[in-house]
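Participant: Sequence:
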Amino acid sequence: KGCQARINVGDGTLLALATVGNSEIAVGGTDRSLFVFDVRKRTQLHRIPGIVKYEITAVCASRVNTKAVYVTSLDHEIAMIDYTRKSASHLARHSLRGDSRWVGVDLVPELRSTGNKTPGPTTEDFVGVTDTGRFYVIRDAWRMMQPRTPTAAPNQKKQPASAPN
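Numbering of the sequence shown is given in the numbering used here, commencing with residue 1 and proceeding in unit increments.
If you are wondering where the hints come from, they were derived from the structure by calculation, not from laboratory data. Built from N, CA and C at the ideal position, the CB exists for glycine as well. Please note that the accuracy of each hint is not assured.
What the hints assert, rightly or not - Ranges between beta-carbon positions, derived for each pair:
| hint | residue 1 | residue 2 | range |
| --- | --- | --- | --- |
| 1 | K53 | Y136 | 16 to 22 Å |
| 2 | T19 | R139 | 19 to 25 Å |
| 3 | G104 | T13 | 34 to 40 Å |
| 4 | V39 | R139 | 28 to 34 Å |
| 5 | D99 | R40 | 37 to 43 Å |
| 6 | I7 | D125 | 29 to 35 Å |
| 7 | R47 | H94 | 29 to 35 Å |
| 8 | S23 | D106 | 18 to 24 Å |
Taking the hints into account, I'd like the entire structure generated from these sequences.
Facilitator: Following this line, the structure appears as structure tokens:
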């Protein structure tokens, strides 16, 4: 009946919210910080300051990587962030930019049959619209968090290290 709790968050105005778990939400706004709260316990679980250069305008929770969120900012940036990291210096963050400000973003999960009775999403596409009317689709966006592994061309031999002078 009415408001159950009020939680003060950061110094700025909140502009974005997403559910990230059964009872968890992620919020962000003008202070450029991402906050994750447990709404049942009314406690802050994570706070990551300065994850983007300008204010956060949207947050989308990954369904494939449950520890990650996609964040868009005022300067056309999309960043995928592992919010369980303790500080921004240890932040697993991968980003790209659109042609102008994002006016609408979402994730489209894709379920592939894996033989399980209740399969979860196996991949997700990030979709977004910018204020210039461009529509973006980033296929398998969750792969932004996977480390890149260098691959050598077939039949390519390693060059021997040169001897120091």
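Participant: Each hint: holds or not?
Facilitator: Tested hints:
Checked against the given bound of 16 to 22 Å, the beta carbons of K53 and Y136, roughly 20 Å apart, stay inside it. Checked against the given bound of 19 to 25 Å, the beta carbons of T19 and R139, roughly 24 Å apart, stay inside it. A hinted range of 34 to 40 Å for the beta carbons of G104 and T13 is inconsistent with their spacing of about 20 Å. With their beta carbons about 32 Å apart, V39 and R139 fall inside the hinted range of 28 to 34 Å.
At about 40 Å, the CB distance of D99 to R40 agrees with the hint of 37 to 43 Å. As the Cβ distance of I7 to D125 is approximately 33 Å, the hint placing it in 29 to 35 Å holds. The hint said 29 to 35 Å for the Cβ distance between R47 and H94, and at roughly 20 Å that hint is violated. Between S23 and D106, the C-beta spacing of about 22 Å keeps the proposed range 18 to 24 Å intact.
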